[in-house]
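Chemist: Got chain Y; can you put chains Z and U on it based on the hints?
Line by line, the protein sequences give chains Y, Z and U.
In terms of the numbering used here, the first sequence is residues 1 to 324.
In terms of the numbering used here, the second sequence is residues 1 to 307.
In terms of the numbering used here, the third sequence is residues 1 to 417.
The set of hints was computed from the structure by calculation and includes no laboratory data.
Ideal Cβ placement from N, Cα and C applies to all residues, glycine included.
Treat the hints with care, as some may be off.
Claimed, not checked - Pairwise CB distance ranges (calculated):
no., chain 1, residue 1, chain 2, residue 2, range
1, Y, R103, Z, L74, 43 to 53 Å
2, Y, G85, U, T221, 39 to 49 Å
3, Z, N217, Y, R39, 20 to 30 Å
4, Z, L74, Y, A87, 50 to 60 Å
5, Z, D83, Y, R130, 35 to 45 Å
6, U, E63, Y, F174, 51 to 61 Å
What follows is each chain in one-letter form.
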Amino acid sequence: MTTLTRLNEVVRGPEMAKQQPPKWWRFGPDGGAVSATRRQQAVSGWIFLAVPVLLFVLFVLIPVGIAIVVSFTDYAVIGDFEWVGLANYTRLFQDPIFWIALRNTAYYTALFVPLGVVVALGTALLLNRRSGAVRVFRTLFYIPVISSTVATASIWFWLLNPQYGLFNVVLGWFGISGPAWLYDSQWAMIAIVMMSVWAGFGANMLIFLAALQGVPSELVEAARLEGASSWGVFWHVTLPAISRTMFLVVTLLLIAAFQVFDQAYVLTKGGPGNSTLTLVYYIYDRGFGRLEMGYASALSFILFLIILVFSLINARITNRRDFS
Amino acid sequence: MSATVAALPALPASPAKKAAQRRRIIGSGFWYIAVILVSISTVLPLVWTLSTSFKTQSEALSGALTLIPLDPTLENYVALFADGTFARYLVNSFIIAIGGTITNVFFGSLAGYALAKLRFPGRGSVFATFLASMMVPAIVTMIPTFLVLRYFPLAGGNDLFGQGGVGMINSYAAVLVPFAAGAFAVFFMKQFFESLPDEIGDAARIDGAGEFRIFLNIYFPLSAAGAAVLAVLTFQAGWNSFLWPLIALNNPDMYTVQVGLAAFINEYQTAYGPLMAGTIIASLPVLLVFIVAQKYIVQNFTGSAVK
Amino acid sequence: MKTSPRRLLAIGVVAATAVALVACSAGGGDSTGDGGPEAVTFWGSWSGDQVAQLEAQADAFNESQDEYEVTYVAQELVEEKLLTGLASGDVPDIVLWDRYNTPIYVPKNALAPLDEYIEADAVDLGQFYDQALSELVIDGVTYGIPLLVDNRSLFFNTAALDEAGVEPPTTWDELKSVAEATTVRDGGTLTRAGFQLNDPGLFNMWLAQAGGQMYSNDEQTTAFNSPEGLEVLDFWQSLLDAGVYELGFGEGVDAFAEGNVALKLDGPWALSSLDTAGTEFGIVQPPAGPNGDKGAGMGGFGLIIPQGAKNADGAWEFIKWWTTQPENGVAFGQISGWIPANIEAANDPYFTDNPRYAAFIETLEYAKVRSRIPGASDVEGKALIPQLERFLSGEINAEEALAEAQSLGDQILADNR
Chain Y
1 MTTLTRLNEV VRGPEMAKQQ PPKWWRFGPD GGAVSATRRQ QAVSGWIFLA
51 VPVLLFVLFV LIPVGIAIVV SFTDYAVIGD FEWVGLANYT RLFQDPIFWI
101 ALRNTAYYTA LFVPLGVVVA LGTALLLNRR SGAVRVFRTL FYIPVISSTV
151 ATASIWFWLL NPQYGLFNVV LGWFGISGPA WLYDSQWAMI AIVMMSVWAG
201 FGANMLIFLA ALQGVPSELV EAARLEGASS WGVFWHVTLP AISRTMFLVV
251 TLLLIAAFQV FDQAYVLTKG GPGNSTLTLV YYIYDRGFGR LEMGYASALS
301 FILFLIILVF SLINARITNR RDFS
Chain Z
1 MSATVAALPA LPASPAKKAA QRRRIIGSGF WYIAVILVSI STVLPLVWTL
51 STSFKTQSEA LSGALTLIPL DPTLENYVAL FADGTFARYL VNSFIIAIGG
101 TITNVFFGSL AGYALAKLRF PGRGSVFATF LASMMVPAIV TMIPTFLVLR
151 YFPLAGGNDL FGQGGVGMIN SYAAVLVPFA AGAFAVFFMK QFFESLPDEI
201 GDAARIDGAG EFRIFLNIYF PLSAAGAAVL AVLTFQAGWN SFLWPLIALN
251 NPDMYTVQVG LAAFINEYQT AYGPLMAGTI IASLPVLLVF IVAQKYIVQN
301 FTGSAVK
Chain U
1 MKTSPRRLLA IGVVAATAVA LVACSAGGGD STGDGGPEAV TFWGSWSGDQ
51 VAQLEAQADA FNESQDEYEV TYVAQELVEE KLLTGLASGD VPDIVLWDRY
101 NTPIYVPKNA LAPLDEYIEA DAVDLGQFYD QALSELVIDG VTYGIPLLVD
151 NRSLFFNTAA LDEAGVEPPT TWDELKSVAE ATTVRDGGTL TRAGFQLNDP
201 GLFNMWLAQA GGQMYSNDEQ TTAFNSPEGL EVLDFWQSLL DAGVYELGFG
251 EGVDAFAEGN VALKLDGPWA LSSLDTAGTE FGIVQPPAGP NGDKGAGMGG
301 FGLIIPQGAK NADGAWEFIK WWTTQPENGV AFGQISGWIP ANIEAANDPY
351 FTDNPRYAAF IETLEYAKVR SRIPGASDVE GKALIPQLER FLSGEINAEE
401 ALAEAQSLGD QILADNR
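Extracted from the complex, chain Y is given alone in its bound form (with noise of 0.2 Å):
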């Protein structure tokens, strides 16, 4: 008997819910009261999915779509324009600046993602123990996470300063020379890894915190028993236990690294030496710079697929895995 059915009994008494019911109810699967609150509940439910549901069309699936039919035309919003077939993506492959950039955004990929999970992962621990302390900690390691890119940019174009900057002084103190970051080619890109991991960590430590705490405590206990070291109970306890939450973060630091943009927007336009010259950047550059949308979209549908790839490799990694 289904809850509808036992609140027709209790509300109407035993006598007349046994009565037929009304007219206007029509019957359903078990003769109770629902044709009527259905059609209400699919009308309500499609008005209260109205907008959002519009916004999504017009704001994701049509240019998306766009996206797709730009990329075959020479499209720069001023002037005619006319279509060209696959000449966008023969040109892409051709131009040396696209592989910079594919070059520069896979370096920050593959610096930012391991730093990132460390640093997450690292804090994580460290923050897991009850404590009336911790709680302070967490918010502390949480702050960078609140600024804008654009503020935590500016913080870190002062910090690095070559002269003046912290890093360079207390460098300085230690009798080392610190590199000039941000004007040197070199440096460029390590600078901004090192900010983006610095404002991004507190979010993917409350990740694993979470997921820490499902570790089960009898495991630990057990392997501590039998003498494991704490980093033994580390790799082979808590690590296999937080897996899934650690594809999680990897896919999301994944997908993130390679849509950086403010940064190298913001600190160094791409330079020097087109060290910082990203993928996004180069998008942007193309598509709002010289208005070239056509081999900027052509150039998305790349980053995308790219972007695609990594996230089914990680989807079919975690559905591999047997969790409970």
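Modeler: Then chains Z and U, alone, in the frame of chain Y:
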């Protein structure tokens, strides 16, 4: 725990216990050192920025690592607001952030409720599509969205075919409308509504209440905590957004505070004092919102991730 | 009772859409005064202290007549902003335009031809430096009027040179020895750089000093990967090895004004902030290369009217006022330090009698504007300068830098043909 050990009468602590105690204290010590070091690295840059914003130009460039300015001054803040443009940027950012928060919380709750509580055909696929849309990288849709707004029929001087005018570009609509009811808001509120019992709504339905009534008077108040967190997150996202306002807003009068701040950097000669002052002002609202709501945000993060 | 909440909902949806549409009209409106002077919007990339200079000049124009009122708006990356402005229908009326960029933006239909205005008002284009004018003429059509000319000459800090007992250099060798003599280190840290080698964009002038050229005579390929090009980079390397400069030194601040740099190549725009700082300095011509060749680059700005400007007439009046009336060009020079492109204005006693401008005017004699070959600015911006930046960072050596720049540059030229 060491207190309990000390309270045991008579028995002297065995060497092994003493050693374990010592190890614990040293471990504790190391722990404190580690967390304090990390905290310094997260907090110091902001504190230093704050400090620099009150320093004179010469002191800021003196290379001294003083956290308390020797000669504190408000001149950087004055310079920042001198010609009124920065104040304008703040107003724009507020309008956009608050507007976005209101629309997202309202429409997101409504849609999230519909997906969680109402039964109707197609709701599964709608949800799946929303979820999928969250995976599309932003840059793919930015250029076409720009074009959609530019050629939107009957907007900004456009005719029925979207020609002739400027569409919605360069207006608050350009920044508010595309993100007024995002997939994240819908997804987030759906999770919340799902945790609420169905029975209340069913009972009200039996009583003949309309669906919107049920939502507004029953479920929405119950989801207040979730709506509050969503409001905070949406406000932060709106306040901090940079790339889209950079693209969609061309008129300097319309710039948000992030776009305005970015323009200060990378000049031939950066005025660090006003830049730091601007950074502090640009970060204050999100910081305040965070301090007020941090308990809920952090709780929420850890809570939902466990599922 | 069942319908009213639903009606409420429907009303809510309509209201929200209405708000959105109202917001769109409220945000994008611009004001045109009725009865008062017509607004003329003036864009440029000058920011910081230079904004006040342009505003002062605009005020002078506004006061001189009642028909138009010019307002300056600083825009980072103004050329790109212009394109987005064209795409979104919000263009200014007049732009302070880096002449060098003209060949890129004319094909995009960004600039309005000015020939009709020039003819109607019988403007004599011969009154401008012809090098400067040539940058604004594409296929015989004039797209702008030259406004300011500049070149980079050698600034020196008088006190620093006196301290070291040296004279301002005239050749590369002298430059190096003077820089070495005036470099100061505190322990191992550089506190005063002898020569600020921070602008690889000036490579073309160094190349001219070495006797080389940027492009082949047939304008089909690049020609900077040559013995002369290598000579320039070897000289730069020797300066770095001698420790007269470190990458990143003095960035983000005016190090020369603070006395932390002894020699630098800079233009007339630097004069006003040096006066404010009170630094004692002198200016000589850029050094001659190993074979005695002199080279300098002429750059500068012009005034252009974008396509679709709402108040092109007002913009033209401002252009005429500033460029064809010499006294206004001189006035701007007094505010900003910039030399006007109007020959008569540039030869005003204010400049010729002023020892600081002597070197600039002399250099203007042989300064050349950059190439207008299609794609040339991309060659410099995307191919050459990034490789030179990598060279200065020590990432690659001179041969690699020039070779990479050449292959990328040649490809860009080919794509643009």
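Chemist: Now tell me if each hint is right for this structure.
Modeler: Right, here's what the structure says about each hint:
About 46 Å separates the C-beta atoms of Y:R103 and Z:L74, a value consistent with the hinted range of 43 to 53 Å. Checking the proposed 39 to 49 Å range against Y:G85 and U:T221 shows it is violated: the Cβ atoms sit about 30 Å from each other. A hinted range of 20 to 30 Å holds for the C-beta pair Z:N217 and Y:R39, which are about 21 Å apart. One distance hint, 50 to 60 Å for the beta-carbon pair Z:L74 and Y:A87, holds here, with the actual separation near 58 Å.
Range check, Z:D83 to Y:R130: about 53 Å between beta-carbon atoms, so the 35 to 45 Å window is missed. The given range of 51 to 61 Å is respected by U:E63 and Y:F174, whose C-beta atoms sit roughly 59 Å from each other.
Going down the numbered hints, you'll see the structure goes against 2, 5, while the others check out.
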